[in-house]
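Asks: With the sequences and hints as input, model every part of the structure.
Same order as they appear, the protein sequences are chains A and B. Under my numbering, the first residue of the first sequence is numbered 1, with each subsequent residue one higher. Under my numbering, the first residue of the second sequence is numbered 1, with each subsequent residue one higher.
Rather than coming from a laboratory, the hints here were simulated on the basis of the structure. Quantities reported herein were computed from a predicted structural model and do not represent experimental measurements. Quick reminder that beta carbons are idealized off the backbone N, C-alpha and C, glycines included. Please note that a few of the clues may not be correct.
[What the hints assert, rightly or not] Pairwise CB distance ranges (calculated):
| # | chain 1 | residue 1 | chain 2 | residue 2 | range |
| --- | --- | --- | --- | --- | --- |
| 1 | A | I56 | B | R144 | 44 to 54 Å |
| 2 | B | D172 | A | Y159 | 42 to 52 Å |
| 3 | A | T22 | B | E110 | 31 to 41 Å |
| 4 | B | M160 | A | I56 | 17 to 27 Å |
| 5 | B | K50 | A | K155 | 46 to 56 Å |
| 6 | B | M160 | A | A24 | 11 to 21 Å |
| 7 | B | D45 | A | K73 | 55 to 65 Å |
| 8 | B | D26 | A | V32 | 25 to 35 Å |
| 9 | A | N148 | B | A179 | 51 to 61 Å |
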Amino acid sequence: MTKAFLTILSVLMLQVMLSGQTVALTDKDGLVDILLAESDTTYVVNFWATWCAPCIQEIGYFQELHNHYVNQKVKVILVSLDFPSQLKQRLTPFLDENNITADVRLMTDLDYNSWINLVDPGWSGAIPATLVFNNRKRTFVEKALSKNELFDIVKQNHY
Amino acid sequence: MKTILLTFAGFLMFTVFADAQLKPGDRAVEFNLKNIDGKMVSLSDYSDQKGVIVVFTCNPCPFAKAYENRIIQLHNNFLEKGYPVVAINPNDEEISPEDTFEKMKERAGEKNFPFPYLKDETQAVYKAYGATRTPHIYLLQNDRGTFRVVYIGAIDDNAMDSAAVIQRYVEDAIASLEAGAKPDPEFTKAIGCTIKTKD
Numbered sequence: 001m002t003k004a005f006l007t008i009l010s011v012l013m014l015q016v017m018l019s020g021q022t023v024a025l026t027d028k029d030g031l032v033d034i035l036l037a038e039s040d041t042t043y044v045v046n047f048w049a050t051w052c053a054p055c056i057q058e059i060g061y062f063q064e065l066h067n068h069y070v071n072q073k074v075k076v077i078l079v080s081l082d083f084p085s086q087l088k089q090r091l092t093p094f095l096d097e098n099n100i101t102a103d104v105r106l107m108t109d110l111d112y113n114s115w116i117n118l119v120d121p122g123w124s125g126a127i128p129a130t131l132v133f134n135n136r137k138r139t140f141v142e143k144a145l146s147k148n149e150l151f152d153i154v155k156q157n158h159y
Numbered sequence: 001m002k003t004i005l006l007t008f009a010g011f012l013m014f015t016v017f018a019d020a021q022l023k024p025g026d027r028a029v030e031f032n033l034k035n036i037d038g039k040m041v042s043l044s045d046y047s048d049q050k051g052v053i054v055v056f057t058c059n060p061c062p063f064a065k066a067y068e069n070r071i072i073q074l075h076n077n078f079l080e081k082g083y084p085v086v087a088i089n090p091n092d093e094e095i096s097p098e099d100t101f102e103k104m105k106e107r108a109g110e111k112n113f114p115f116p117y118l119k120d121e122t123q124a125v126y127k128a129y130g131a132t133r134t135p136h137i138y139l140l141q142n143d144r145g146t147f148r149v150v151y152i153g154a155i156d157d158n159a160m161d162s163a164a165v166i167q168r169y170v171e172d173a174i175a176s177l178e179a180g181a182k183p184d185p186e187f188t189k190a191i192g193c194t195i196k197t198k199d
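Replies: Laid out in structure tokens, this is it:
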């Protein structure tokens, strides 16, 4: 009995270790690289944070979107605006708990005023905010999206 | 005819409200809101001051929290110079239960806010100013007894770490006013929490 329990426990622990999502750090230049991507891939860039309630409400839709388009030219990038000091305590555990496997980047450039307009001149800085674009079309939304709204925007933008 | 007129008036009002977003240089909008001590506070109460640092902020937002001490410092540093802070909580408390009047009192008590902390109960004030996030600062300058907006945006350029700040937007803006100049920049953007509303 104890043995079985230990086996289960170690399997569970292994799973936790394996699922540990790695988060890439990004700065303004890294963000610009994403924004300037000139391709037929449709980028879905969501700005969010673990402490932002409306962001958390919609984050699962982005993961579903990622799963749905996994073999197509759609790339979901979740730019986290959690403070960089919270990476280990908050961000990584959140991603693990919620099975987020989409590409997550943690923004390290806190001089927000220097890059918000690069994402969209109409963005006030409130989150969530989402930019969907490819080399043909571009949509920016500064609000929480329903699953249908998100999928519709991508459907309209996607080749 | 009357109906047409009314429709037209309604349309005009709608346009006015839809466009209501103050820009630097605009006349500030008067408000009369309940403070955590139960008394009403109006912008016009400050007509003997050189300016007012209006801060749209709230209890639970991590950015608002990260700036609480700096907002207190701003008030303490600039009260004597004639620029007190007035904090306004614009959040709908049904959507954001941490922002009830009682919780505002608690938070103000814990942090010993030396400035009024007003509840924008109807949310008309944040809409009239065009605030979109917390914290969102509107620096107002006295212009012969009424106020004009002279700076809109962030307090400084590093929310997480006050020791790493390079540009102190609000302090620099006040220094410009004191020197008889226009703030530069007069508008900045920052990441912040959305203002919680049912609309």
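Asks: All hints are to be evaluated individually against the structure, with a verdict given for each.
Replies: Hint check results:
1. A:I56 to B:R144: 44 to 54 Å: Holds: the Cβ-Cβ distance is about 48 Å, inside 44 to 54 Å.
2. B:D172 to A:Y159: 42 to 52 Å: Since D172 of chain B and Y159 of chain A have Cβ atoms about 47 Å apart, the given range 42 to 52 Å holds.
3. A:T22 to B:E110: 31 to 41 Å: Hint holds: Cβ distance 38 Å, inside 31 to 41 Å.
4. B:M160 to A:I56: 17 to 27 Å: At 20 Å between Cβs, range holds.
5. B:K50 to A:K155: 46 to 56 Å: holds, 55 Å
6. B:M160 to A:A24: 11 to 21 Å: holds, 19 Å
7. B:D45 to A:K73: 55 to 65 Å: Holds: the Cβ-Cβ distance is about 59 Å, inside 55 to 65 Å.
8. B:D26 to A:V32: 25 to 35 Å: Given range 25 to 35 Å: holds, Cβ gap about 32 Å.
9. A:N148 to B:A179: 51 to 61 Å: holds, 54 Å
When held up to the earlier numbered hints, the structure conflicts with none and fits them all.
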